[in-house]
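The whole structure should be built from the sequences, with the hints applied where relevant.
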Amino acid sequence: ESARRILAHDAADVLIIKPQLAGGLRVGRQIISEATQHGVQCVITSTLESGVGIAGALHLAAASPEVIMECGLATLHLLADDLLVDGLTLDYGSLAVPTGPGLGVHLDRNALAYYKKH
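Numbers given in our numbering equal positions in the sequence shown, counted from 1, plus 9.
No wet-lab data here; the hints were simulated from the structure.
The beta-carbon is built from N, C-alpha and C at its ideal position, and this holds for glycine as well.
Check the hints yourself; a few may be wrong.
To be verified - Quick list of simulated restraints, FRET-style, between CB atoms:
hint, residue 1, residue 2, range
1, 21, 56, 15 to 25 Å
2, 127, 74, 39 to 49 Å
3, 45, 105, 35 to 45 Å
Claimed, not checked - List time: in silico SDA-like cross-link candidates among lysine to any residue, alpha-carbon distance up to 20 Å:
hint, residue 1, residue 2
4, 27, 94
5, 27, 80
6, 126, 59
7, 27, 49
8, 27, 14
9, 125, 91
10, 27, 126
11, 27, 77
12, 27, 79
13, 27, 59
And the structure:
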């Protein structure tokens, strides 16, 4: 809703999209499409979520050719732990898009069990 108001009032040259706060990946994609129609660039960033959320946002960025600016998704190092077995690969400032089924990540069952209790 906020993004639509900003676009309707021509109030920005760049939108910062946090998919998890915007309502998910589908809503994030809709915002990108609407912003493009208004000539507004988009940057996708995290809200300090786990590797699962980062993987989703990373796929959104990779699947959106309109997103040409650098995105702010390299925030996993700010967390004490994560839910992924192997994590996401950061190489010279770039995150590799996971290529497996779904989001391409594997969940750490022990971490899931731990955080289910805590």
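> Regarding the pair residue 126 and residue 59, is the alpha-carbon distance no greater than 20 Å?
Replying inline: Holds - the C-alpha atoms of residue 59 and residue 126 are around 17 Å apart, at most 20 Å.
> Is the distance from the Cβ of residue 21 to the Cβ of residue 56 consistent with 15 to 25 Å?
Replying inline: 19 Å, holds
> Does the structure keep residue 27 and residue 79 at a Cα separation of 20 Å or less?
Replying inline: Roughly 14 Å between the alpha carbons, so the hint for residue 27 and residue 79 holds.
>> Just to be sure I understand the hint, the distance between the Cβ atoms of residue 45 and residue 105 should be within 35 to 45 Å; is that true here?
In response: 25 Å, violated
> Does residue 14 lie within 20 Å of residue 27 when you go C-alpha to C-alpha?
Replying inline: 16 Å, holds
> Taking 20 Å as the top limit, are the C-alpha atoms of residue 27 and residue 49 close enough?
Replying inline: 16 Å, holds
>> Please verify whether residue 27 and residue 94 have alpha carbons no more than 20 Å apart.
In response: 24 Å, violated
> residue 127 and residue 74, beta-carbon distance inside 39 to 49 Å?
Replying inline: Holds, at about 41 Å.
> Keeping to a limit of 20 Å between CA atoms, is the pair of residue 27 and residue 80 held or broken?
Replying inline: Distance ~10 Å between residue 27 and residue 80 Cα, so the pair holds.
> Under the criterion that the straight-line Cα-Cα distance not exceed 20 Å, is the pair residue 27, residue 59 satisfied?
Replying inline: 14 Å, holds
> Straight-line Cα separation of residue 125 and residue 91 no greater than 20 Å?
Replying inline: With Cα atoms ~13 Å apart, residue 125 and residue 91 stay inside 20 Å; holds.
>> What's the verdict on residue 27 and residue 77, does the C-alpha distance respect the 20 Å limit or exceed it?
In response: Between residue 27 and residue 77 the Cα gap is close to 16 Å, so the pair holds against 20 Å.
The structure does not agree with the numbered hints 3, 4 and 10 stated previously, though it agrees with the rest.
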